[in-house]
Amino acid sequence: MMNVGEPNWAYVGRSLAKVLAVTAALFLAFSAVDRVLWVFVDSDERMTQVYGTAARVANPDKRLSHAYGNKGLLETTYTLWGETRQAGRDERSTRYEIVENLFGTVRASFLDGPSGNLGDVIASVGEDPGVDREVTEKARETIDGLPQTLDAVAVVEFAHSMTTERLVAFNRRHKLCGGADVSYIYSPAPYHDDSSSDPPLNAVVWNRNMTEGYVRADFSYQCETEPEAALVEFRRWVSLLDEEDDLSAFELDHWWLAETARAGVVHGLVVDRWKLADLRKLLDDPEVRTVRLADVAFDLGEIE
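Those letters in the sequence shown? Residues 5 to 308, per my numbering, in order.
In short, the hints are calculated from the structure, not lab data.
Quick caveat, the model's predicted, so the values are computed rather than measured.
We put the beta carbon where it would ideally sit given N, CA and C, even for glycine.
Be aware that one or more of the hints could be misleading.
Here are the computed lysine to aspartate or glutamate pairs in the DMTMM-like style, where the Cα-Cα straight-line distance is at most 20 Å [stated by the list, open to error]:
{"no.": "1", "residue 1": "142", "residue 2": "282"}
{"no.": "2", "residue 1": "285", "residue 2": "155"}
{"no.": "3", "residue 1": "179", "residue 2": "288"}
Distance ranges between label pairs, derived from CB positions [claimed, not checked]:
{"no.": "4", "residue 1": "131", "residue 2": "240", "range": "22 to 28 Å"}
{"no.": "5", "residue 1": "75", "residue 2": "167", "range": "39 to 45 Å"}
{"no.": "6", "residue 1": "263", "residue 2": "227", "range": "27 to 33 Å"}
{"no.": "7", "residue 1": "266", "residue 2": "53", "range": "18 to 24 Å"}
Can you build the whole structure from these sequences, using the hints too?
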């Protein structure tokens, strides 16, 4: 007859420890293989789509255009060339470098966030700030005091958040055509508590040419209905992201972007090299709270 006694708990513990150790080792091995395959097979395309676009979203005060990648053994570098977004012509270009290492950590040491006048103006946009006649009138006085033929980089702030349908109606009312010179502020920069350990977040500013798809031969803006296409493309880009993407270098957050895409409302427009006369007309629309100028300049090309 079999003698059934107390189990050997020391043996059970050692066996369980071995099983857990093997399981952990297999998990790490599979994770490493998956990461290596991702880096050496798909990293170029993903880095372009995710981090190249994130750089443009996080830096609306710059025109970032040409880019190229360079894959090394331990890290991949993605370099963008651009210029500060200002009203006058600027022949200088600046290099912005994004580096992702083998472990998925991203640094953008040469890529600073929005700075200068346009960055400050974007940061001043509120969420549903409401109508303020005094603020609107002050903007009228400022623009009226300048030559109306000046080119301007500015932010058009709405009194209330605009759905895509209302924004399309706004465009039709003013005969506006969406394009490379109009970007949508989908989310203002949230308030940041300096005492909090959470990093600050950038405003979410979007234009369809921020994604690489704009180089396609069949790409074209859709004039008054461009806000519809812009929102579709923004949501498509956000759907490419996952929680493992390191967006901290751009002061962006996966959850924050997902919530912004879900809401799909616009709080203001960033307009690039518009005439002051065209901006002045928008102030007569009750949907517009104010127009904040970031930079103005004469277009010397018109004089030639």
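Do the hints match the structure? See the list:
no., hint, in the structure
1, 142 / 282, "holds (17 Å)"
2, 285 / 155, "holds (15 Å)"
3, 179 / 288, "holds (14 Å)"
4, 131 / 240: 22 to 28 Å, "holds (24 Å)"
5, 75 / 167: 39 to 45 Å, "holds (42 Å)"
6, 263 / 227: 27 to 33 Å, "holds (29 Å)"
7, 266 / 53: 18 to 24 Å, "holds (20 Å)"
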